Amino acid sequence: MVAETRSRFLAAKAIRSHLSDLVMAVETRSRFSASRSRDSCCSEVAILHRELQPPRA
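Under full-length UniProt numbering, the first residue of the sequence shown is numbered 1, with each subsequent residue one higher.
Hints may contain errors.
Claimed, not checked - Restraint-style ranges between C-beta atoms, simulated for each label pair:
no. : residue 1 : residue 2 : range
1   : 47        : 3         : 28 to 38 Å
2   : 29        : 1         : 35 to 45 Å
3   : 42        : 21        : 15 to 25 Å
4   : 2         : 26        : 32 to 42 Å
5   : 52        : 9         : 19 to 29 Å
Simulated from the structure, these hints should not be mistaken for laboratory data. The structure presented is a predicted model; accordingly, all values stated were derived computationally and were not measured. Backbone N, C-alpha and C define an ideal beta-carbon position, used for all residues, glycine too.
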């Protein structure tokens with residue numbers, strides 16, 4: 001029970017960290033590409049999301 005709770009906590013912590021990195025990267029890129037179209041920004045978000053995926057075990 002304790003190990004399962006700790007495992008869930010660590011997984012949630014990793015997800016929060018991943019999302020934080022994703023948001024920071026999107027904000028940084030959006031500053032440089034403010035004039036781009038919505039479709040272009042959406043594709044950049046998709047690319048960033050793939051780049052920031054945690055490695056699979």
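Hint-by-hint comparison with the structure:
no.	hint	verdict
1	47 x 3: 28 to 38 Å	holds (36 Å)
2	29 x 1: 35 to 45 Å	holds (42 Å)
3	42 x 21: 15 to 25 Å	holds (19 Å)
4	2 x 26: 32 to 42 Å	holds (36 Å)
5	52 x 9: 19 to 29 Å	holds (21 Å)
In this structure, none of the earlier numbered hints is contradicted; all agree with it.
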